[in-house]
Amino acid sequence: METFPFLNQLLQFLVTGLTVGAIYAMVAIGFNIIYNVTEIINLAQGEFVMLGGLVMVSVHTSLGLPLLLAFPVTVLVVTLVGVLLDRLAIRPIRKPSVMTLIIATVAASIIIKGLAMIIWGKSPYDLPAFSGRTPIDIGGVIIQPQYLWVIGFLVAVAVGLTLFFNRTILGKAMGACADNPDAARLVGINVRHMVLLSFALSAAIGAVAGLTLTPIALMDYDRGAMLAIKGFGAAILGGLGSFPGAILGGLILGLIESLSAGMLASGYKDAYALIILLAVLFIRPSGILGNLEVTRFKRF
Amino acid sequence: MLRIRKAPMLAGALLILVFPWIASRVPAISHYPDLMVFAGVYALITIGLSLLMGYAGQISLGHAAFFGIGAYVSGVLTTQYGVNAWLAMLLGALAAAVVAVAIGAPSLKLRGHYLAMATLAFGIIINIVFREEARWTGGPDGMVGISGLTVFGYALDSAGKYYYLVWGIVAAVFLFTVNLIQSPTGRALRAIHASEAASAAMGIPIARYKVIVFTFSAVLAALAGSLYAHYMNFINPATFDLFFSIKLIIMIALGGMHSIWGAIIGAIIVAFLSLEWLHYFEEFEIVVYGAVLLLVTIFLPEGLSGAPAKLMARMRR
Amino acid sequence: MVKKVAMVFLVCLAICGWAIQPALAEYTVGAIFSVTGGASFLGDPEKKTAEMVVEKINKAGGINGQQVKLIVYDDESDATKCNLLAKKLITQDKAVAVIGPSVSGLSLAVVPVFEKEQTPLISCAASYKIVHDEKTGKPYPWIFKTPQSDSLAVEAIYTQMQKMGISKIAIISVTEAFGASGREELLRLAPTYKIEIVADEKYGPKDTDMMAQLTKIKGFAPQAIINWSVGPSQVTVVRNWRDLGMEKITFFQSHGFGSRKNIELAAGAAEGVFCPLGACNIAELLPADHPQKQVTMEYMNDYKAKYNEPLSSFGGHAWDAMNLLADALKAVGPDKAKIRAYLETKKGFVGQHGVFNFSADDHNGLTKEAFQMVVVKGKDWALAN
Amino acid sequence: MAAESVNDPILEIEELVMAFGGLTALMNINLRVPRGKIKAVIGPNGAGKTTLFNIITGVFPPTEGLIRFNGQAISDRKPHQIAELGISRTFQTVELFNSMTALENVMTGRHLRIRSPFFGCGLALPSLRRQEKSLKQEAMALLDFIGLAAKSEIMAGALPLGERKILEIGRALATEPQLVCLDEPAAGLNETETETAAHLIQAIRQNGITVLLVEHDMKMIMDISDEITVLNYGEKIAEGTPKEIQRNPLVIEAYLGQGGGFEIG
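Chains as they are written, first to last, in the working numbering: chain X, 1 to 300; chain E, 1001 to 1317; chain P, 2001 to 2385; chain L, 3001 to 3265.
The shape of chain X in the complex, shown without the other chains:
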């Protein structure tokens, strides 16, 4: 049997870690978009990812829509769910405290999960990989083509959001809401619309994460919660509200998991990642790129 040098192994761990991390990062970005406008941690974020995968299965595999068409349809459907979430679960709450809003998102995530179970059943589903399953071998390091799609989509989401927040009026208005909702209201921005938009946008990003993940890891109705927690961890690690922080946090979390699974006791890999997260928080109470002064002003 051929030998397998340590350096190759290490590179393989990095490739894997970055891919998984990219998924976490996309979930974390979704958390941040909603958090920035509303101060809510939307615990239904993971359900968007799950829906992204399962809706794609339905429109692509079952209905037979071609990939290029199935993609926007899926994102649209999940975005609609995000909009409904805001209209049916968040907006009706008359005296919103951050705690009740979070409970509402928990309730919504339970409902979405339950409905997904009724619609798709309990078995896992697969999607064909976007550009085949032939692994790319670069000097002994194996890269699945789908990995490149995952990382590519993360980059696309990051660039897209940067342009959106810096170049468009809508994006700037959302940014203003995030900085100071009262002032935003004074200058005539409809904060309610911005909240709705934030749910739509983060649902869309969740859907993208889900449909790129499914060809790698399959998808079933019960996946959302775990992804939400990893994404929440990534967002906190990077610093809540910071988009570079979300990407950094996601990638770091993915790398720690992969490296510790490969080099330490793999049963404890999630524990290592969380211990490092705790250590970071104890040293920097607002995450790596978070701003302590800003968090002080946030209500919760």
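Treat the hints as calculated values from the structure; they're not laboratory data. Among the clues, some could well be false.
[Claimed, not checked] Counterexamples of contact, computed for chain P against chain X with all Cβ distances above 10 Å:
| hint | residue |
| --- | --- |
| 1 | GLY2038 |
| 2 | ASP2133 |
| 3 | THR2215 |
| 4 | GLY2219 |
| 5 | GLY2231 |
| 6 | LEU2244 |
| 7 | GLY2245 |
| 8 | ALA2267 |
| 9 | ASP2302 |
| 10 | ASN2357 |
| 11 | LEU2383 |
[Unchecked claim] Computed cross-link-like contacts, DSBU-like style, restricted to lysine-lysine with a CA-CA straight-line distance of at most 35 Å:
| hint | chain 1 | residue 1 | chain 2 | residue 2 |
| --- | --- | --- | --- | --- |
| 12 | L | LYS3136 | E | LYS1006 |
| 13 | E | LYS1247 | P | LYS2048 |
| 14 | P | LYS2087 | P | LYS2306 |
| 15 | X | LYS122 | P | LYS2059 |
| 16 | E | LYS1310 | L | LYS3037 |
[As the list claims (entries may be wrong)] Ranges of calculated distance between the beta carbons of each label pair, as one might list FRET restraints:
| hint | chain 1 | residue 1 | chain 2 | residue 2 | range |
| --- | --- | --- | --- | --- | --- |
| 17 | L | GLN3202 | E | LEU1010 | 50 to 60 Å |
| 18 | E | PHE1284 | X | PRO5 | 46 to 56 Å |
| 19 | P | ALA2384 | E | TYR1280 | 40 to 50 Å |
All values derive from a computational prediction rather than experimental measurement. A virtual CB, placed ideally from N, CA and C, is assigned to each residue, including glycine.
Following the hints, complete the assembly by docking chains E, P and L onto the known chain X.
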């Protein structure tokens, strides 16, 4: 507002006292005392948690871990070392207290969502330990053969008997907590919740109070864990996972965060919903559970314990 | 005000109570399966199978002229619920015997209940601990189980490895009860078969990727890998094995892989994977003179006709449990103690997962011959030589 | 500790510097608060008055410099430790415990003066019950002193602003401080309410408690202060009796230059 009146307390105590007798007369609910044992176990945890969340204003998504620490310390010490069950219970509470101080002192400096994540992470880590240290805990399969409890040679071996043990403890803890809320300590906690800056200016050592309450709630959770282990005669890590922590938060939210009554009502409602009533909806169970939670959040933001007051206010109008 | 609420509550309870008093059926049989939750891949086919079997019995006129009433509860893979439901089945629904639970951990959780209430339980879970009281070294009197113990699957795999000349292996398992108990048996039995385990890796049931663990295993260059898990993760791990170009390292799956759905989900990656399976998975491959040929073909056809989905081997455990119980009811009637005694002496029961021969020392009644070693060939099972 | 002489200042601040990132909020401030007097700190918005209060009461540590209370350095203490030493305060934005009654607010103010053992409280020990009874009486007496006895059972959040400000002063007094720092006690009050507040502050001094005051209402300042310090852009520009300050050209320029009115009564 905070004066907790004696009449409802007496009524509650009486109801708890006669409930098994009533249940035994009605065949369809004859197993309800069994459910009430678990509701009581949950109530022990939510009382502490409500003190922490509703009064001191600190969130914890890691209390399932303390529940588990109590259960596992009891389980391991009694089955593998032959320690007396009551002593093991005490040691479990002590272990939880030590862990709570160690994790609480640095964590409680964190705010809001960061504190939520830190406690969540802590809970998951502890659960991984339960799962991985199979030599002691039996691993994911769980641990069998935990004995029942006896009092002076009298075995508490049926739901009816255990019911009175658990609810007796709940009643004692409830009284303790009610006293606490109405005492200088309770005032200090509410002050911290209302304004940390002003509390500090009044000389209230905020960090210390947060850690004390966190520890107290952890001890109660551990106690509940021991009671659970000796009743089930079996424990497994999945019982103490993060979803149970979230379920505890749901109990508090359903019952009403700012009331100790709410903690008990929430625990009972969620216990019955999830262990019994929702079964009738079969595959729609999860959806109905979520819908109930959402409706209460929307229409009764103060929780079910706020409902009677709201109802009366509406009737007066 | 609390008083008022309490009163209303009580009245409601009382009304509910009188309204839905259970009507007494002739033979009431209970079942607890993990129909939802983390172990739904077990409980779902089990529930469907048990209901199908009972329907068939009742259509054929019942047992001794009595209809069978099957009460199925879903424990949602939760120990507390499982415990409560077990007590409810016994004390309130007056079940003469219970089949299930689906999961080893939950079966262990209710063992004390059935022992105390002296009611027969036929578990559908694998762990040998369910039918082995460590204190006495014998089976718990009231507990039986139909699935082959993990140790039998391990022995089947190790025997196959010996035939293939494999002695240096890596194991990888999921951090759930199924994976943990399989791992324990793999580690325990390895010395007996002179097999060296060079790597012992784990992953979570919801993990998206096992490349890191497999890369590490690749570094040890073992001759074979054994994966012990269920659900989507066992598909991902096979795909990762293929992606990493590790085909030279023979891949063995546990019997948890026993559904053609998994071959389909693996999208070609499962080609050449070995796996020990019960007879019911490969009914059509069995030679015509195989003792289980008839029952397995019948089950397969019935199940496909009724539910229009591929058979999962787990449903077979419920088939075995339900039919065993029906057999006992037919012989001795609804008497708990007699059922127990009958089951303990039952020999030659032909089921989906083997021919059962129970005794006072063996409440499982199977040997490692209950497993057939199969290999994935052309997207289907084929018997390995 | 050295014996405290009546002539020693109760609070001394030496060369205090406070910088937030690149922004210097306070520069080389020297300040002495004489014992038993009313000392006012005035200055235009953004002069650094509230920052000064926050540093004295330990909300954040100073970048440089020394603060001595009764001769003891306190700049590294936490807020609750400083309260324990005998400095109490109010807040510019009124930080009452809104979900508590007026009485409970004052009772909470006496936290330092009572025992509150955790288990004792839970067991409702008789000694603690007795303590609670006398605590209530003391708190009522204080409410009486500040003129809010009639409002004792009203939620603090439901009181009008004037009474909230007064209640906050009452709560600060409940800690039995030697020095009480009042952050704009008259802001947002009408004339009669301001007068009530002024009377109360004078009454406090008569009880032997030193008052450090930040205020914009110049009439009130000039009426009741014994000594005034003027800050502008983080620097001390003048110090003296009300009369001296009124005549100080630097002060007049600071206020007029900013465009704000400097009403001298």
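Against the structure, the hints come out as follows:
Taking the minimum C-beta to C-beta distance to chain X, about 7 Å, the non-interface status of GLY2038/P is violated against the 10 Å cut. For ASP2133/P, the requirement that its beta carbon stay farther than 10 Å from each beta carbon of chain X is met, with the minimum near 28 Å. Not every CB of chain X lies more than 10 Å from the CB of THR2215/P, the least distance being 4 Å, so the non-interface label is violated. Under the 10 Å C-beta cut-off, the non-interface status given to GLY2219/P relative to chain X is violated; the minimum distance is some 5 Å.
Annotated as non-interface, GLY2231/P brings its C-beta within 10 Å of a C-beta of chain X; the closest such distance is 7 Å. The non-interface label for LEU2244/P is inconsistent with chain X: the shortest C-beta to C-beta separation is roughly 5 Å, within 10 Å. With a minimum CB-CB distance of about 7 Å to chain X, GLY2245/P fails to clear the 10 Å threshold, and the non-interface call is violated. Separation of ALA2267/P from chain X is inadequate, the least Cβ-Cβ distance of about 6 Å not exceeding the 10 Å criterion.
Interface exclusion of ASP2302/P from chain X stands, the closest Cβ pair being 20 Å apart, more than 10 Å. With a minimum CB-CB distance of about 35 Å to chain X, ASN2357/P clears the 10 Å threshold, and the non-interface call stands. With a closest Cβ-Cβ approach of about 26 Å to chain X, LEU2383/P is found to remain outside the 10 Å limit, as its non-interface label requires. A threshold of 35 Å between alpha carbons decides the hint, and for LYS3136/L with LYS1006/E the separation of about 21 Å falls inside it, so the pair holds.
Restraint check for LYS1247/E and LYS2048/P: satisfied, since their Cα atoms lie roughly 30 Å apart, inside the 35 Å limit. Under the criterion of a C-alpha separation no larger than 35 Å, the hint pairing LYS2087/P with LYS2306/P is consistent with the structure, at around 31 Å. Pair hint LYS122/X plus LYS2059/P holds up; C-alpha atoms about 30 Å apart against a cutoff of 35 Å. The straight-line distance between the Cα atoms of LYS1310/E and LYS3037/L is roughly 51 Å, outside the 35 Å bound, and the hint therefore fails.
The hinted window of 50 to 60 Å between GLN3202/L and LEU1010/E holds, with their beta carbons roughly 52 Å apart. A C-beta distance of roughly 55 Å is found between PHE1284/E and PRO5/X, which places it inside the suggested range of 46 to 56 Å. Between ALA2384/P and TYR1280/E the C-beta distance comes to about 47 Å, which sits within the given range of 40 to 50 Å.
Hint violations for this structure: numbers 1, 3, 4, 5, 6, 7, 8, 16, all remaining hints satisfied.
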